[in-house]
Amino acid sequence: MTFLAMTALQTALLAALTSAAIIALYFLKLRHRRVVISSSILWRRVLDERQSHSLWEKLRRIISIAVAVTIALLIALSLARPEIASLTGKNERVVIVLDTSPTMNTQTSDGKTRWEHAVDRAKGLLDTGGPTTEFRVIDTSGVIASAFTTDRDEARNLIDHMSPKTADPQFPRVDGTDSQVYFVSDGVTLHSTPSFVKRISVFEAANNVGITAFEIRAVPSTPLGYEAYLEVQNFGPAADVGLTIGGTGGQRTNKTVRLGTEEIYREVFDLSQFTGGGVRAAIQSKDDELPLDDVAFAYLPIKRKTRTVLVTRGNNFLETLLKLDSYVELMVTDPASYRESPNIDAYIFDRFAPATVPGRPALIIGTPNAPWLKPAIGEVQKPEITAWSENHPVMQYVSVHDVSIERASRIDPGDLTVIAASKQTPLIVASEKPRWVMLTFDLSSSDFPFHVGFPVFIENVLSWFNREQLAIKRVPGVVEVPLANAQIHTIDGKTVASEQQLGKTIFQTNEPGLYAATQGDQRMHIAVNLANPTFSDVNRSVFKTDRAAAAQHYWLRRELWFYMLMGALVLIGIEWFTYHRRITL
Amino acid sequence: MSTSNVTLFDDEFLKKLEYLNIISKRLFAGQLRAERRTRKRGTGLEFADYRAYVAGDDFRHLDWKAYLRLNRLILKLFEEEEDLPIYFFVDSSQSMNYGEPTKLDYARRVAAALCYIGLANLDRVNVISFADGIKGELPPQRGKGRIFKIFRFLTDMTPSGETDARSSFKTYCTETRRRGLAVVISDFFDSHGFEGALDILRHFRHDIFVVHIASHEEIDPALRGELLLVDAENNSTREITITPSLLTAYRSEFARYCETVEAYCGKYQLGYVRTTTDFPFEELVLKVFRQGRFLK
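Sequences listed follow chains A and B, in order. My numbering numbers the first residue of the first sequence as 1 and each following residue consecutively. My numbering numbers the first residue of the second sequence as 1001 and each following residue consecutively.
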């Protein structure tokens, strides 16, 4: 027997003092109530007879003292938290890591999912060990990581709150030196674990055909032209797979293909007949065990002409380019005639800027003087573009590495976003609020208009100003939206609970879907899709249950002090009962 | 005295008592003529027997008709009616000072009532207070007019001392040779044993009638918890824990003790009446004594 709260010497001292105190108290004379009776003859006879004939009468005092001392010792020793390894196991720490990869949603032959099996195994682990065993439960999505606790109900509750998520699963950092670490997984997504981890497999082979890629992309050669790319892979035996791509306006494309084992089907679908809105891709195959990757979503921007005013003293390149764009409704005016109009979607100011910031987004060419613009603080000759942001929407599909510029204005970008820059000065800067883009060089002093990327750049700028964007792509789990204080809605208009974090909005979803994030007049679509061959390949497991994974069961489920206090309580009850019936003293 | 009398008896009750007679199972010789038959042959009205005339006999009692028929002088014998000595032994030990009302009070009332009946029948009434010896003795009283003297004696009786009836009776009987009806009123809590005491009375050939008084508090004591029992007679103490089983055992022991006293009386054909202090006193005197053949 060991004691968790005291040393053996302290415990022995406590026991001795307790016993001595109880015995001393017991022998303190209780003042008996004095009662005068007529004669003690009969009482004496009764008492003498009982005392001489009853063993119980002889032992009553000793037994009463023994019971009282036992009660006191049970209470006192429970403070020391005794532990008997053979009864309650040792005081140890167990970490249970549950794999919350999306492949855990795969169904098994008994109708349950791998996740449900994992939960059963994890709860089974909670039933092992002794009452002093501390448990910690962690998932691989980084959402739930409890502290060590002996409260198994709390641990069970946490496991019930876990669910398979698609967020990039990672094995958590756990210390295996002072604890046993169990990892319950199907072994599909996370193959490697630290050597001290005892693995418990819930893997069972399953049929699955999954969408491994689905996206809508603009056709560079066609303004507002979009196409959908779909990739489907069969991870089971050969099967007929039905493909469906449907749009919000009722457009629908169906196809059936036969896919062999590990065969990949890729196709680009023309969406010219689709009106804007959500697009859903779905596949159907027999005995598919993972429904999560059978659907995928994307957003097709709504097609509409951009009413654009070009304010210039004359610029053939721009004028010709914009007139050729069938999705631009162009109006040209000189700076003297410029008046702001509410029906305009965008302005293009060529070597001119109004005194006040326009109410609509604007592309400013050159570095005109205006109070709302950064003033030129010098001039740079032959600046060379050394850096540009390929991820910015206005630079999508645009290459500027070989653009030559004769001269450019030197500005201090301040809080502006620098999209392209030379070593001396920013060359393309952007402002989010109000939204505008400025080239610090004149088109006539550069060969940028002759580059193939220039029309794309103008198209990107106008798209960034007004047009709807393609949906940003995310995976199920914790979804991060690069828009502060945004409201999240499903495509059906239902509000989704969200939180704000470091200038971003995050929300949680465990299934594929299309969502909209709005903040003021800004709107953004988020396509949440599994679409990842790593997750769809549900049979890629090299995981087996370790032999040492089984833990020992103990009969006592709580620490000994609990049973000792219960015993003391029962003894107090018995003592109370027998005392009031004068069975004990 | 008058106040005590009021508490002991009322006038109506006294009138009822006058119609009762004490029955004696034996006939005893008395000193004065009274209403009791005795073994003595004398001048009573009731014919008893014949015997041959001897010189010196009273001529008035010769049966002349028998002389004419038989030619022999035959003397008619008549029963002599005399008074009956009644000895009331009242236990006034400390144990009698127990209960509500106390057993001694109850004994006083019983003794007073019986004394009154005895006096009303012209019997010689002796009242003896005893405990560990003879504490007091009222000389023989005769006639109803003496009842107040008896009342006073009974009222002045104070409870004290241990019970030693054997020693008390032995002392009294050796001093008073005349046999009679001995009425013993006691709780019979005698550490020396009640049998020895009654044996003494039997030895002196008294007709014995036992009135065993118990209080309700003794029969069914309302005791609980840790107690220090103090014996009222000798002040001996005993620590005790009252349990239901102990109370049950005590009740059984008390009943057994009463049965022992009754069995002894039955064995020697002694009159025996047991009563409790909460039993209505009038009912006891008028009915129970009649059922016990003590009164007629």
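It should be emphasised that the hints constitute simulated quantities derived from the structure, not laboratory data. Since this is a predicted model, take the numbers as computed values, not measurements. Heads up, the beta-carbon is just placed ideally off N, CA and C, and yes, glycines get one too. Hints are not guaranteed to be accurate.
Said to hold, decoys possible - The following residues of chain B were derived to be distant from chain A, with all beta-carbon distances above 10 Å: (1) 1103; (2) 1215; (3) 1227; (4) 1231.
Claimed, not checked - Some chain B residues close to chain A (C-beta under 10 Å, calculated; not the full set): (5) 1066; (6) 1068; (7) 1071; (8) 1121; (9) 1167; (10) 1171; (11) 1174; (12) 1176; (13) 1218; (14) 1226; (15) 1240; (16) 1246; (17) 1254; (18) 1256.
Unchecked claim - To give an idea of the interface, some chain A residues facing chain B are shown, with a C-beta separation under 7 Å as derived from the structure: (19) 28; (20) 32; (21) 33; (22) 34; (23) 36; (24) 38; (25) 39; (26) 45; (27) 46; (28) 570; (29) 572; (30) 574; (31) 577; (32) 578.
Hints versus structure:
Once the 10 Å rule is applied to beta carbons, residue 1103(B) is inconsistent with being away from chain A; the minimum gap is 7 Å. Remark: the non-interface label on residue 1215(B) conflicts with the geometry, its nearest Cβ contact in chain A lying 7 Å away (cut-off 10 Å). Not every CB of chain A lies more than 10 Å from the CB of residue 1227(B), the least distance being 5 Å, so the non-interface label is violated. Not every beta carbon of chain A lies more than 10 Å from that of residue 1231(B), the smallest distance being close to 4 Å; the non-interface claim is violated.
About 63 Å separates the beta-carbon of residue 1066(B) from the nearest beta-carbon of chain A, more than 10 Å, and the hint is not met. For residue 1068(B), the shortest C-beta to C-beta distance to chain A is roughly 71 Å, which exceeds 10 Å, and the interface hint is violated. Taking 10 Å as the C-beta contact cut-off toward chain A, the hint placing residue 1071(B) at the interface is violated, the least distance being around 71 Å. With its C-beta approaching chain A no nearer than about 34 Å, residue 1121(B) sits outside the 10 Å limit, and its interface hint is violated.
Restraint check, residue 1167(B) versus chain A: the minimum CB separation of about 17 Å is more than 10 Å; hint violated. A hinted interface residue such as residue 1171(B) counts as satisfied when its beta carbon comes closer than 10 Å to some beta carbon of chain A; here the least separation is about 22 Å, so the hint is violated. Residue-level restraint check for residue 1174(B) is violated (minimum Cβ-Cβ distance to chain A is 27 Å; threshold 10 Å). The beta carbon of residue 1176(B) comes no nearer than 28 Å to any beta carbon in chain A, farther than 10 Å, and the hint placing it at the interface is violated.
Interface restraint check for residue 1218(B): the shortest CB-CB distance to chain A comes to about 6 Å, inside 10 Å, so the restraint holds. The interface hint given for residue 1226(B) is met, as the beta carbon of that residue sits about 5 Å from the closest beta carbon of chain A, less than 10 Å. Because the closest C-beta pair between residue 1240(B) and chain A is about 7 Å apart, less than 10 Å, the hint holds. At its closest, the beta carbon of residue 1246(B) sits 7 Å from a beta carbon of chain A; the interface hint therefore holds under the 10 Å criterion.
Interface hint at residue 1254(B): satisfied, since its Cβ lies 6 Å from the closest Cβ of chain A, which is below the 10 Å cut-off. For residue 1256(B), the suggested interface contact is upheld, since its CB lies about 9 Å from the closest CB of chain A, less than 10 Å. For residue 28(A), the interface hint is violated, since its Cβ never comes within 7 Å of a Cβ in chain B; the closest pair sits about 13 Å apart. Interface restraint check for residue 32(A): the shortest CB-CB distance to chain B comes to about 4 Å, inside 7 Å, so the restraint holds.
Residue-level restraint check for residue 33(A) holds (minimum Cβ-Cβ distance to chain B is 5 Å; threshold 7 Å). Taking 7 Å as the C-beta cut-off, the interface hint given for residue 34(A) holds, the closest approach to chain B being about 5 Å. Against a cut-off of 7 Å between C-beta atoms, the interface hint on residue 36(A) holds, since the closest Cβ of chain B lies about 5 Å away. For residue 38(A), the interface hint holds, the least distance from its beta-carbon to any beta-carbon of chain B being 4 Å, beneath 7 Å.
Because the smallest distance between the Cβ of residue 39(A) and any Cβ of chain B comes to about 4 Å, under 7 Å, the interface hint for this residue holds. The beta carbon of residue 45(A) comes within 6 Å of a beta carbon in chain B, closer than 7 Å, and the hint placing it at the interface holds. With 7 Å as the threshold, the beta carbon of residue 46(A) comes within range of chain B, its nearest partner Cβ sitting at about 5 Å, so the hint holds. Taking 7 Å as the C-beta contact cut-off toward chain B, the hint placing residue 570(A) at the interface is violated, the least distance being around 22 Å.
Taken as an interface hint, residue 572(A) does not check out: its beta carbon lies about 19 Å from the nearest beta carbon of chain B, beyond 7 Å. Because the closest C-beta pair between residue 574(A) and chain B is about 16 Å apart, greater than 7 Å, the hint is violated. Because the beta carbon of residue 577(A) sits about 13 Å from the nearest beta carbon in chain B, more than 7 Å, this interface hint is broken. Taking 7 Å as the C-beta contact cut-off toward chain B, the hint placing residue 578(A) at the interface is violated, the least distance being around 10 Å.
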